[in-house]
Amino acid sequence: MLCMPIIEVRNLTKQFGAGDLAVEVLKGVNLKIEPGEFVALMGPSGSGKSTLMSIIGGIEPPTGGQVLVDGIDIGQLDDDQRTLLRRRKVGFIFQAFNLIPTLNALENVALPLQLDGVPLKQAQERARLALDRVEMSHRMDHVPSKLSGGEQQRVAIARALAIEPVILLADEPTGNLDSRQSGRVTELLRDLAMYSRQTIVMVTHDATVARSAFRLLKFKDGNIERDIAQEDFEANAAVFHASSVQNATG
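Numbering follows the numbering used here, in which position 224 of the sequence shown is assigned residue number 224; successive positions increment by one, without gaps.
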């Protein structure tokens, strides 16, 4: 039996502004992502990768075309429905950890569930399970200031996992981490995809981080210039290098 893509993008366009000031950021993007894939997006600033992620996550509506997430057409949703999609189907991980400084790790992870109406006891149990998945259960009573940068990012990943999302969207998840912490977070994301079949879409400027993914999409001028499978990474090493240089200078 054929598996339905968890994300399907059909001739997607996105325009900001109107008239003479209109800027077309996405220009007919087509893409399918299967359940359990770990996909890295690279490309220069303004190439459309972050805009695509925002549309997949229900933050921005598309201008034209279709984006289907778990069979749901994003373009047919109103603002309230997109908000519900974000709260229940999409986990977000950002460069900034966005943890509440007065709450400990367990409370930070449980909070989005409580805001969505999950009873406290159930929210905390799901938060404990999520923290255990990222190997942070031994630090659940610590506030963010008592955690390293890598530990804070793992708590942020646990917060995203606690809602039991269909997809994880990671926007520069290692951008504020040193190379050692970055490696641990990247390994965690890879393990989530490999062993838990968690679908992950990640924007990164770091070629080393991108190589941990199962697939690389190289963006240029509002569309996908290259779609490279993991087994072809070494043959396309120059693509990773060029993307890193473009992001470092852009």
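Hints were generated in silico from the structure; no laboratory data involved. Incorrect hints may appear among the rest.
[Claimed, not checked] When the alpha-carbon atoms are kept at most 20 Å apart in a straight line, the in silico EDC-like pairs for lysine to aspartate or glutamate are as follows: (1) K89 - D78; (2) K32 - E231; (3) K146 - E164; (4) K89 - E164; (5) K220 - E24; (6) K146 - D132.
Predicted model, so just to flag it, every value in this text is computed and none were measured.
Hint check:
no. : hint        : verdict
1   : K89 - D78   : holds (16 Å)
2   : K32 - E231  : holds (18 Å)
3   : K146 - E164 : violated (27 Å)
4   : K89 - E164  : holds (7 Å)
5   : K220 - E24  : holds (13 Å)
6   : K146 - D132 : holds (18 Å)
This entry does not satisfy hint 3, going by the numbered hints stated previously; all others are met.
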